[in-house]
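From first to last, the protein sequence lines stand for chains A and B.
According to our numbering, the first sequence is numbered sequentially starting from 24.
According to our numbering, the second sequence is numbered sequentially starting from 20.
One should not assume that every hint holds.
Stated by the list, open to error - Derived pair list, reagent style SDA-like, types lysine to any residue, alpha-carbon separation capped at 20 Å:
#	chain 1	residue 1	chain 2	residue 2
1	B	Lys140	A	Arg212
2	B	Lys140	A	Leu28
3	A	Lys110	A	Ile66
4	B	Lys140	A	Ala37
5	B	Lys48	B	Lys214
6	B	Lys140	A	Asp144
7	A	Lys63	A	Tyr310
8	B	Lys140	A	His38
9	B	Lys140	A	Gly171
10	A	Lys110	A	Ile90
11	B	Lys140	A	Arg39
12	B	Lys140	A	Lys110
13	B	Lys140	A	Ala40
14	B	Lys140	A	Tyr310
In case anyone wonders, no lab produced these hints; they're calculated from the structure.
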Amino acid sequence: MAQPLTEGISRYLAHRASWHPLEIAFWALALASVFFLPNKHLILTEIAILALFALSLDLILGYSGIISLGHAAFFGFGGYVAGLLAKHNIVAEPVLALLVSGLAALILGFVTSFLVLRGSDLTRLMVTLGVSLVLREIANQMDWLTGGADGLQGITMSPILGMFAFDIAGHVAYVYCLIVLFLLFLLARRIVNSPFGLSLLSLKGNPLRASAVGISVNGRLVAIYTVSAGYAGLAGALLTQTTQFCSLDVFSFERSADVLLALTIGGIGYLYGGIVGSVLFKLMQDYLANLTPQYWQFWIGLVLVILVLVGRERMASWSAPLRTLLARIGPRAGRPVEATRPSPAEGP
Amino acid sequence: MAPVLETVGLVKRFGGITAASDISLRVEKGARHALIGPNGAGKTTVINLLTGMLRPTSGQILLDGNDITGVEPHERVRRGVARTFQINQLFGDLTPIETIGLAVSERMGTGRQWWRVIGSKSEILDDVVSLIEQFHLADVMYDRTAILPYGKQRLLEIALAIACRPRVLLLDEPAAGVPDAERHEILATIEALPKDVTVLLIEHDMDIVFSFADRISVMVNGALFVEGDPDDVARDPRVKAVYLGESLDA
């Protein structure tokens, strides 16, 4: 008994973290966009940055259940740090400056993480929103440093690694953002498939029991919130670096709301939701803005209302085919044939 | 013999209600100690105080003579105190493999590792396999916990506590609501625990209590009422009056 059992379990665990063909196809498609959609690189850059931002939100919302309406706090902080580093030539090389900006947001995330430990979802919404508004106002008041309401101007970027200069058509910027997104995605994927990632899922599901098996719930929440803030800061830094501009708008409530919408559209808790959602969100925004330059916000608002009316369950369900597929060929592949039986929960 | 777990004058008040009043309980090392009493007597409150899920209004809790009154719940688990819950507290979205693996991984101190893919440590795997086998969970081990039959969930509930390999195990009505067939499995596993594991059991089924326990404490209205050997407690007329009498009426 024990031998097949051991094999079954280790096969199950191996498949749990294995790459699904759809995932490989997805990244192949992303790579293809570099070569086959050269005139779309500007919007693709925006999408990649939003996707990274949404990925960072998924780490806290999808994997540990922390809801935030102020994730722009870290996005904006990373953006301003990157802008100041470049403007004053403190760290001229973009990749290094990116890392420094991410680290700065990481530290800010660690410090503010203690605020989200206590209280319910509503408290967390208010606290996170509050933090982002406070930061926005600080950036507004410190105009000697940040340029205040005029934004941080006069940023000129050095070539990446001293070799690849940013071009006006945005080719270099897109490749740069895509590589950063991919590397950080790999890291996030590793984190959620680790024992640490599993413990996050457990405390999201039942914090009481998680503490009863010896998990320091608060410690884990602080850790993932800090990492997530670092991710958001990197996304913000990418925006500043690729646009060579940074304004108070990076801290805005709309930015926090947009990323939450993008993630919700794509579906939370499987890492690809933020990326898929960002593609859909940006394409929709772009299409509607072309259709009615003045009133696109009306249409996007209408679409969102419909999304909400249709219901969260259905929104979750239209990412379900992808998830089911991932689940079927992914983690469940280790299931021995004799153990397979129709489960009552999977009816039509 | 020194007690492994001891409380000194433990009091818990919720507003005006005293759920536990002046509880001084000594649980000897290796004991099979039962805590019985009518519904609402405060038994689960005592478990919650012992595990740190509730903070006492006053009083002390000692583990191996060390004061753990202010120690966080997860830290008490690491020091060897684990519990089961009267009402299943499981991770609905995780499979039994993941659930047990999680607890084993935490016990081995690898739960914080974020760079390692799950399943790459053979010690953990071995432990998971033996627990899955011991608790007859192999046929459901790939399923989400939320869709498991109640009896299997109950087994997982207990397996999860055992996976922490506690020195002191607090069982809150482990067999409650379990069909007879699986009830036997659960009791057999508890009986088969190593002798040096101390067990504090809350149970309503007197057959289980008297066949299992070597020491019984009776709680009534938040206070310890009588304590003694099973024979003494069974003969005690006061216990018959307040506890057994009541349960016969019910």
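Going down the list of hints, with the structure as the test:
The straight-line distance between the Cα atoms of Lys140 of chain B and Arg212 of chain A is roughly 19 Å, inside the 20 Å bound, and the hint therefore holds. The hinted pair formed by Lys140 of chain B and Leu28 of chain A meets the criterion: a straight-line CA distance of about 16 Å does not exceed 20 Å. The straight-line distance between the Cα atoms of Lys110 of chain A and Ile66 of chain A is roughly 25 Å, outside the 20 Å bound, and the hint therefore fails. Restraint check for Lys140 of chain B and Ala37 of chain A: the C-alpha separation of about 12 Å stays at or below 20 Å, so the hint holds.
For the suggested pair Lys48 of chain B and Lys214 of chain B, the alpha carbons sit about 9 Å apart, so the restraint of at most 20 Å is met. At roughly 36 Å between alpha-carbon atoms, Lys140 of chain B and Asp144 of chain A are farther apart than 20 Å, so this suggested pair is violated. Restraint check: the Cα-Cα separation between Lys63 of chain A and Tyr310 of chain A comes to about 13 Å, which is no more than 20 Å; the hinted pair holds. Using a Cα cut-off of 20 Å, the hinted pair Lys140 of chain B and His38 of chain A holds, with the two alpha carbons roughly 15 Å apart.
Of the supplied pair hints, the one linking Lys140 of chain B and Gly171 of chain A is violated, its CA atoms being roughly 53 Å apart against a limit of 20 Å. For the hint pairing Lys110 of chain A with Ile90 of chain A, the CA-to-CA distance comes to about 34 Å; that exceeds 20 Å, so the pair is violated. For the given pair, Lys140 of chain B sits about 15 Å from Arg39 of chain A by alpha-carbon distance, which is consistent with the 20 Å threshold. Taken as a hint, the Lys140 of chain B and Lys110 of chain A pair is broken in the structure, with Cα atoms around 48 Å apart against an allowance of 20 Å.
A C-alpha spacing of about 14 Å is found between Lys140 of chain B and Ala40 of chain A, which places the hinted pair at or below 20 Å, so the restraint holds. Distance check on the hinted pair: Lys140 of chain B and Tyr310 of chain A sit about 50 Å apart at the alpha-carbon level, beyond 20 Å; violated.
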